[in-house]
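J.: If you want the building blocks of each chain, they are given just below.
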Amino acid sequence: MEGPQVQLFVTCLVDSLAPEVGRATLSTLEKAGCRVDFPLEQGCCGQPAFNVGLMDEARTMAAQTLDVLDGTEGTIVVPSGSCTAMIAHHYATLFAGSDREDKATRVSVRVRELTQFLVDDLDASLTASCDGCTIAYHYSCHGLRELGLEHQADRLLGDTERAALAGDKECCGFGGLFAVEMPAVSTAIMDAKLDRLEASGADTLVGGDVSCLMHLEGGLRRRGSDVVVKHIAELLGDVD
Amino acid sequence: MSEPVTFLSRAEALIGTHEAEAVESGIRNFLIRREAAFEVFEIGEDLRDRTRAIRLHALANLDRLLGHFADRMEEAGGHVHWAADAVEARQIAAGILARSGARLVVKSKSMVSEEIELNAHLEEEGVTVVETDLGEFIVQLAGDTPSHIIAPVMHMTAQDVGRLFADRLDVPYTDDPIELNRIAREHLREVFLRADAGISGVNLAISETGSLVLVTNEGNGRYTTTAPRVHIALLGMERIVSRWEDAAVVLETLARSATGQHQSVYTNVITGPRKREDPDGPEEVHVIVIDNGRTDILGGDTAEILACIRCGACLNACPVFRTAGGHAYGTVYSGPVGSIVTPGLHGMEPWWELPYASTLCGACEEVCPVRIQIPRMLLQLRERAAAEGRLPGWLERGISRYGRTVSDPAKWSSAKKWASRLSAPISSEGWIRRLPGPGRGWTQSRDFPRPAKHSFNEWWRRNRAT
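Sequences listed follow chains H and Z, in order. Mapping the first sequence onto the working numbering, position 128 (from 1) lands on 348, and the numbers just tick up by one. Mapping the second sequence onto the working numbering, position 98 (from 1) lands on 1051, and the numbers just tick up by one.
Derived from the structure by calculation, the hints contain no laboratory data. Fair warning: this is a prediction, and the values are worked out from it, not measured in the lab. Honestly, I wouldn't trust all of these hints.
[Claimed, not checked] Across the chosen pairs, the derived CB separations fall in these ranges: (1) H:Thr325 / Z:Gln1044: 52 to 62 Å; (2) Z:Arg986 / H:Ser349: 51 to 61 Å; (3) Z:Ser1381 / H:Asp458: 42 to 52 Å; (4) Z:Glu1411 / H:Pro224: 45 to 55 Å; (5) Z:Gly1252 / H:Asp458: 51 to 61 Å; (6) Z:Ser978 / H:Ala316: 17 to 27 Å; (7) Z:Gly1253 / H:Lys251: 45 to 55 Å; (8) Z:Gly1172 / H:Lys389: 52 to 62 Å; (9) Z:Arg986 / H:Thr325: 38 to 48 Å; (10) Z:Arg1350 / H:Ala316: 42 to 52 Å; (11) Z:Arg1196 / H:Glu418: 32 to 42 Å; (12) Z:Ala1006 / H:Ala316: 19 to 29 Å; (13) Z:Thr1248 / H:Arg255: 53 to 63 Å; (14) H:Asp458 / Z:Asp1128: 24 to 34 Å.
Backbone N, C-alpha and C fix where the C-beta goes; we use that ideal spot for every residue, glycine too.
Let the hints inform the model, and build the full structure from the sequences given.
T.: And the structure:
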């Protein structure tokens, strides 16, 4: 039996800053029986520009992504709730009235976040493994509130040891360029999150968005914390 | 061009202070109590839908509803005044007080009075204004400003209030909330009895009967609007519904969402002045309907924010509000709702930065009992600010350059290589401790991951591309 054809959109952050998460996502999808292709000319979903209000710049970025993805077959899988929500929910508005409107509509319905695709679409029997770890999971905001991602990660992490993290559905303070525009506020929100993380007894922080995770990991490193940070794909796939 | 980010500087000054800690613990306690109440008084999806429909219907028919309201109120013997802006509203209020010879005024809580800075203006005219909502009373005594639309002293602890009372009211220090309440009540009782006029806000006006509805938990609203000879009600022009049935729904939603109550303790309905058969009530009732920028909002893409019922739930849910507190916003309406209302009422300058004081986490929209699309409107205001050229140069240039690079596969590929090479000398163990330029904001508290030596794209080309 031939598995489903999947297009991997890794996101610009994974591509440039966390390629190991891209490889773990690829491995995860292949373990789930998918035939994975990676459109080489992909870039950024456009969210950094979109979220600060620079719509022309957002369209420049999104147009490249749209053009590349529209020429492909199968579900587009993204290891990020935030970038998935950008494509799925905002491309139609961004390109409304333009000659890319139809493309935006076509592509937006093909996009799925990784855990959403595995659990809701494939009903995959994959489970995450992390030997000897006690895991705290951070439900990133855009995935949680724009895509309803919650039970998917819970199911995939079903066999792991979980620590209860207070406020695990509250923002970590990253907020994209907010983290650079308003660093003091971003940091204060992060610190509250990290205090709760350290109090939770978890030794591993897992999430579905590299963006929030690199902010939290950067903060943990500065604290000299031993808590390890992983993208959920790294617990699902075989990492080299 | 780029002004210093004033929200940020205020927030920086507040974060980690006693005030910010008071806000954080205040909200936590508040949410615990509210959540406990929610088990009993849930805001169901149906109630949200009905509330939203009622509010949107009112906004769509605002002219008609207000006109009808004014006719009914005047038939009942009240006077309705129309104020285009804050200056007019203050002049009307001051004129009414002057004509009636009022020198001492009691006030129940009114955000719109804060919006038009009424107290300061009346004091200049020689009128003494005393706030009677406990929180507002404390704020006034401290010479401070409210920091939360429904809990004005969210930023103070009971100990702070105890010290303030001991200092200003000449009473022994106590931090027992019940005792503090008693002290305030005793002090205010005497003022109520002497007051010449009462000024209140309005939670809702009801068009069909020309009635005003006021809810309080302390009874001060009822006292303010019945004991003095003259009552002046300040009505933000969007705070109206068609019918009694609508008001019942909105009040239920407001009480549940604001404080986890089934209903506020006092619900006061005012339809005109005291009638012959009434045992008490004012001789004159004046309603000042205040526009002050609301018509502009109504005609734009953030009109939906006028559906807000001022429950404050989005403030409590907002990570930025919880961290920095209401005073960081520098305006009467703080938090997510305030970041939309304030630039709408008072213009983008200097308020354009408030829509950026958000991580766009969406907790506000999730908790809003009217389902107001707050993040969407924050984004629309950001778009407007960017189009007006208000963004800092580094941000606009940086995004523009990144956009051109990442959208061109050859440039993107080479940029990734260069970023990795250039970051080598400032990295250790794959992390950067200090970024130059605007990146400093990140690395002042966080390490930044070093750009990978081989991007995923490069790895794929080497290992997978056929």
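J.: All hints, please: hold or fail.
T.: Against the structure, the hints come out as follows:
no., hint, result
1, H:Thr325 / Z:Gln1044: 52 to 62 Å, "holds (54 Å)"
2, Z:Arg986 / H:Ser349: 51 to 61 Å, "violated (41 Å)"
3, Z:Ser1381 / H:Asp458: 42 to 52 Å, "violated (28 Å)"
4, Z:Glu1411 / H:Pro224: 45 to 55 Å, "violated (26 Å)"
5, Z:Gly1252 / H:Asp458: 51 to 61 Å, "holds (58 Å)"
6, Z:Ser978 / H:Ala316: 17 to 27 Å, "violated (45 Å)"
7, Z:Gly1253 / H:Lys251: 45 to 55 Å, "holds (51 Å)"
8, Z:Gly1172 / H:Lys389: 52 to 62 Å, "violated (38 Å)"
9, Z:Arg986 / H:Thr325: 38 to 48 Å, "holds (46 Å)"
10, Z:Arg1350 / H:Ala316: 42 to 52 Å, "violated (27 Å)"
11, Z:Arg1196 / H:Glu418: 32 to 42 Å, "violated (54 Å)"
12, Z:Ala1006 / H:Ala316: 19 to 29 Å, "holds (26 Å)"
13, Z:Thr1248 / H:Arg255: 53 to 63 Å, "holds (58 Å)"
14, H:Asp458 / Z:Asp1128: 24 to 34 Å, "violated (60 Å)"
Violated hints for the displayed structure, listed by number in ascending order: 2, 3, 4, 6, 8, 10, 11 and 14.
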